[in-house]
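**Student:** Chains Z and A supply the protein sequences, listed in that same order. With the numbering used here, you'll find the first sequence wraps up at 261, consecutive numbering, no jumps. With the numbering used here, you'll find the second sequence wraps up at 325, consecutive numbering, no jumps.
Heads up, a few of these hints could be off.
Below, computed lysine-lysine pairings styled on DSS-like, alpha-carbon distance capped at 25 angstroms [unchecked claim]:
1. A:Lys88 / Z:Lys258
2. A:Lys230 / A:Lys27
3. A:Lys148 / A:Lys131
4. Z:Lys31 / A:Lys148
5. A:Lys88 / A:Lys26
6. A:Lys230 / A:Lys88
Because the hints were derived from the structure by calculation, they are not lab data.
Residues per chain, in single letters:
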Amino acid sequence: MNLAIPTPGIRRRSVTGLWLRHAVSFVRYWKFVLTWVLIEPVIILVAVGFGVGKLVGTMDDGVSYAQFVTPGLIIGNAMFHALFETSWNAYNRIDNDVYETALTTPITILEITMGDILWAVTRSILTVVGTAIVAALFGWLNHWEAIGMIIPAIMVGITFGALGFLFSAVAPHTTFLTLVFTLVASPMFFFSGSFFPISILPDWVEPIAWAMPLTSAVHIGRGFALASLDITHLWAALYLIAVTAVLWPIAVFLLRRKLIS
Amino acid sequence: MTEELKQTGATNAAARNSGGSVIRVKKLRKLYGDLAAVDGITFSVEPGETYGLLGPNGAGKTTTMRMLSGLSPSNSGSIEVAGINVVKDNRAVREVMGVVTQHDGLDGGLTVFQNLFLFGFLAGLSRKDSKNRANEVLEFFGLRGRSKDNTYELSGGMKRRLAIARSMMTSPKVIVMDEPSTGLDPQSRNRVWEELAVLKDAGVTVLLSTHYMEEATILCDRLSIMDNGKILDEGTPDQMIEHHAPKEVAQLRVAPAALRTVRDYLTEREITYREVGALVSVTGLNGDRPDLSGLSDVEGVRTSYRAGNLEDVFLTITGRELRDG
Ligand SMILES: Nc1ncnc2c1ncn2[C@@H]1O[C@H](COP(=O)(O)OP(=O)(O)OP(=O)(O)O)[C@@H](O)[C@H]1O
Ligand SMILES: [Mg+2]
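The following block holds chain Z by itself, in its conformation from the complex (with noise of 0.2 angstroms):
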């Protein structure tokens, strides 16, 4: 029996080689890619903020509803775009035969999880940055630390992307792909502490909502965003590497089987 041995070893041009044809296809849509990259996180922003601000008013420690929900959403958001790209995209490109292309010049499977998990951390950093930006200018980002919001966008990028492709991987339509929205981005979303601090859920609620991934990114970019740094953000650093460390090796191996036949 030959085995199917993997390669050893990474190649760097196979890794910027994809990315590149990424952030190419991309700078040739850039019209329609802000309106996902910046628009719609900012109209999100807008309506939580200014709307739901209004009723809510002040939090605990004096913090703005406004303050408080602006790290949530942003990271909540860079999930998305993390997961659209190694769900819906690498879907199409399966379908369409573009990594059966790449295949045939001397890329790894491994390599192709690479390009395009880089691609989803890059997305993923340019709509919190983007994002970022305008909250700041709307006075709801006030600390210097903020910045380091890029930390957990890189997190959120590295462990959606991964997840991402077990979906696209094992998908035998796209209606199927709609399930990594209904069950897996959209509770996220709710349910992470983007929206309200996961402490006022009933106690059995609590550690579910703590063992999704998103909930610990949330964490981490609202101890930047409100300069609020502790020994539990690193205990969510901690947990989202872990989570990674499982799910890129599941990715891998469902990607290969899903091409290499």
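On the provided structure of chain Z, position chain A with the ligands as indicated by the hints.
**Tutor:** Okay, now just chain A with the ligands, sitting in the frame of chain Z:
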């Protein structure tokens, strides 16, 4: 085709000097569950040669080529391409070999030029080299004017030729092409054949698969007939025709009203025939011209004779038509 194509990677002399076969496949086998998609095939391709795998749907052509490119694990057997053991090192083979996949695999998010340029970059060319080479192959394939178009705006023939152009980005010495001209109209097909002839002139070794006996006859130095995962015979097109095809085949165009008469006539005289569409093909016993004199004045029957070809070879060897598999 007047364009000269620079194949920096290969010249006839260089290819010959490297010594030995460029592709060497031995007892290669691939199972999908219980199905032996490729069932112990052995063949080799010499430097500068164009070699064809001729077979119907499901013969195992694509599976063979995917294993050759390191994109599909084999169950047993060995593959060597340009001295590289593909089973052991499936990355190295893709550094030296160009691949044209059965489906064009063009990137709809990019322009024609970007498809080539980014492929070249991914394959390892510098940005500058990739840009220059992209323009070079676009020129050669007469697609320069379409550089900025989206790939979905191209005709089927242009898409196919762009996929072939892409495989030449790195100037590989050896290219495998899975059905380079399937689905193209005769004009586009001719164009592809001309372009492949130039490649051959440049000393590139080509392994191609095809359903078309005409393509195999025109392009291939040698070919093998593949069916159900097995190679049934191998040789030059002339040898194959000499060994397996009748010298002459009578072809009767038969109007529907006359079909019955013709069938009865042939059956009565125990002359074997086969019907392909509205054509009735009759092969003479022992290669002799069959006696069809009694049909000469039947209304609605026109008889012509043609030389035996690879299609007949396929029929003789497998007992089946090539086209409908
Ligand atoms: N991924 C797969 N899983 C299961 N069976 C497969 C797979 N790929 C190919 N097969 C089977 O292997 C056999 C050979 O298929 P292959 O695609 O190599 O044929 P082919 O000669 O390229 O045919 P075509 O002319 O239609 O392209 C077929 O019976 C096919 O159904
Ligand atoms: Mg095929």
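**Student:** For the pair supplied as a hint, Lys230 (chain A) and Lys27 (chain A), confirm whether the alpha-carbon distance does not exceed 25 angstroms.
**Tutor:** holds (10 angstroms)
**Student:** Is the hinted pair Lys88 (chain A) and Lys26 (chain A) satisfied, with a Cα-Cα distance of at most 25 angstroms?
**Tutor:** Roughly 15 angstroms separates the two Cα atoms, so the pair holds.
**Student:** Checking one constraint from the list: CA of Lys230 (chain A) to CA of Lys88 (chain A), max 25 angstroms. Satisfied?
**Tutor:** This hinted pair holds, its Cα atoms lying about 24 angstroms apart.
**Student:** With the threshold set at 25 angstroms, check whether the alpha-carbon distance from Lys148 (chain A) to Lys131 (chain A) stays at or below it.
**Tutor:** holds (14 angstroms)
**Student:** Does Lys88 (chain A) pair with Lys258 (chain Z) here, judged by a C-alpha cut-off of 25 angstroms?
**Tutor:** OK: Lys88 (chain A) and Lys258 (chain Z) at ~21 angstroms, within 25 angstroms.
**Student:** Straight-line Cα separation of Lys31 (chain Z) and Lys148 (chain A) no greater than 25 angstroms?
**Tutor:** With Cα atoms ~18 angstroms apart, Lys31 (chain Z) and Lys148 (chain A) stay inside 25 angstroms; holds.
The structure fails none of the hints (numbered hints given earlier).
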